[in-house]
Amino acid sequence: MSETRNLLAEQRRALILDEVRRRGGVRVNELTRRLRVSDMTVRRDLDALARQGVVEKVHGGAVPVAEATTHEPGFEAKSVLEPDAKQDIARAAAGMVAPGSAIALAGGTTAYALAQQLLEIPDLTVVTNSVRVAEVFHGARRAAGGGAAAPRPGAATVVLTGGVRTPSDTLVGPVADAAIRSLHFDVLFIGVHGISAEAGLSTPNLAEAETNRHFVRSARRVVVVADHTKWGTVGLSSFATLDEVDALVTDGGLPAAARAEIAERLPRLVVAESGPGTAEF
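With the first letter of the sequence shown counted as 1, position 212 gets the number 212 in the working numbering; the numbers rise by one all the way through.
Since the hints were derived computationally from the structure, they do not count as laboratory data. Keep in mind the model is a prediction, meaning the values are calculated, not measured. Check each hint, because a few of them may be wrong.
Here are the computed distance ranges between Cβ atoms for each label pair [unchecked claim]:
| no. | residue 1 | residue 2 | range |
| --- | --- | --- | --- |
| 1 | GLU10 | PRO255 | 22 to 32 Å |
| 2 | ALA50 | THR233 | 12 to 22 Å |
| 3 | LEU8 | LYS57 | 19 to 29 Å |
| 4 | VAL175 | GLY60 | 44 to 54 Å |
| 5 | PRO267 | GLU30 | 39 to 49 Å |
| 6 | GLY53 | GLN116 | 18 to 28 Å |
| 7 | PRO267 | SER38 | 44 to 54 Å |
| 8 | ALA197 | ARG217 | 20 to 30 Å |
Glycine included, each C-beta is placed from N, C-alpha and C at the ideal position.
Work out the full structure: start from the sequences and follow the hints.
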């Protein structure tokens, strides 16, 4: 953790959380040296992470929280986790989208990052159950001066399903399920709470799991967009096996052993590195 003196609070907290997860715990005095900030700043950061429910404060430092399989963080809490990795993943995933495609974007902060990368790809039809993803496209339309009756040439056609809103600003339930069942997508990009060899793709929200099942069934190709911390995590309900996944786009933090295991099970593994580089397995 070098060159960290001028980091924004959210960036600094993301680094702290990554260190906690990677090492199984950190001490305040270690963080002050590595981040080159005051003891009080580190303690405020740990307080903020503890309020988000992602670390547990202990005497002199913090340790990871052993989350229940039903724990579902909100969108804002998740948005500060692994932000650089999500941007790398989004850029790599956007390269898999052809102009004129009909795509589905399921909810989550990585899908939100991907939506921002898709704004310049022309003539897309985007179906999403994410309020945040829909706002990305509608915000771009307003910024360009177009309205519902007069979108700019090549602007995406966006379909937002109805449904019941989850803590992650995703719409789920029977209304969303019915809309998705009637459609057919060239490719689905889906984020996950957890992915593992045994449990496949999983989420802590039962209704979201059912809606995700319909997304998977309605897509010709399924691409999972998930940072390295999701590997080995298991939520309450599985909604797809790895056999149903065509590709995983993840970041360079994924350990070599996990890369080898995933590459054996999936047709395509894309590891997005910071900058222009990606690696495929």
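Structure versus earlier hints, numbers of those that do not hold, lowest first: none
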